[in-house]
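Student: What follows is the residue order along each chain.
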Amino acid sequence: MAALLKKNGKSVGVLPLHYAGSPSQFAAVWKLQDAGIYEAIVYAYDPGNGNTGMDSVTVNLR
Amino acid sequence: MKTIRMFLKVLFLVMMTTSASAVPTEITVHVKTKDAKFLGTSMGGALVTIKDVQTDELLAKGVTRGGTGNTALIMMTPLTRGRPITDGSAAGFTVSIDIESPRLIEVTAYGPLVNLQAANKASATQWVVPGKHITGGDAWVIEIPGFVVDVLAPPTHVSLSGTPQSVDIRANVTMM
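Chains as they are written, first to last, in this note's numbering: chain C, 15 to 76; chain V, 356 to 531.
So here's chain C without its partners, still in its complex pose (with noise of 0.2 angstroms):
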């Protein structure tokens, strides 16, 4: 479970995705410097089995 990050359509890292304390939820902090576009594409992919899923959400930074 982790996001692959992107600013300005570029990728800039993988942030990991822990536990949150609920069943079913993760999170993590993502931490912006500079102004720009910035996604974050959050994947869950189950190597035991292959299965994959994926949603995204995009933040304007000024």
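Honestly, the hints are just simulated from the structure, not real lab data. Glycine included, each C-beta is placed from N, C-alpha and C at the ideal position. Watch out, some of these pointers could steer you wrong.
[Said to hold, decoys possible] Heads up, incomplete: computed chain C residues facing chain V, CB under 7 angstroms, no partners named:
no.	residue
1	25
2	37
3	44
4	45
5	46
6	54
7	74
8	75
[Claimed, not checked] Derived Cβ-Cβ restraints for the label pairs, each shown as a range:
no.	chain 1	residue 1	chain 2	residue 2	range
9	C	28	V	455	50 to 60 angstroms
10	C	64	V	435	17 to 27 angstroms
11	V	378	C	62	37 to 47 angstroms
12	V	432	C	62	15 to 25 angstroms
13	V	450	C	76	48 to 58 angstroms
[Said to hold, decoys possible] Below, a sample of chain C positions facing chain V; criterion: calculated Cβ distance under 7 angstroms:
no.	residue
14	22
15	42
16	47
17	53
18	67
19	69
For this one, chain C is given, so just place chain V on it according to the hints.
Tutor: Then chain V, alone, in the frame of chain C:
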């Protein structure tokens, strides 16, 4: 004129014979999610389309309805040949199609319809013979892979002013 009349008579007879020999054939489709249970009403179901592979004719379409199935049967009982994992609690889509000769049928499933970012599509083909229903045992099972991932925070396209910023990312992950 006489020839045309005769041709029309023959054509009419052929059409009558053809339509009279079409046999209702039932197909039940269950959509199972990979390593999980059946896709039914609680997830909006899966869109099922039934087509003739050779002509691309759409024969039927509908949405799976019903429950996610019997957990003990699906997940806790060792599989043995011929033992179904479906019972009355497993969601499905049942339809009767009228066919007059064996048709190569493609069943496609797309879902879950309530979480479109998690929706996947899978299909399979099989010969269907007139009157030979595909309803016994587990009938026709299509497997769809995937998790449902929902980003709960931050909200979509949030705008923030001032740098730097710390943003909490929170996501909900479930089997389908």
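Student: Can you list which hints this structure breaks, lowest number first?
Tutor: 1, 2, 14, 17
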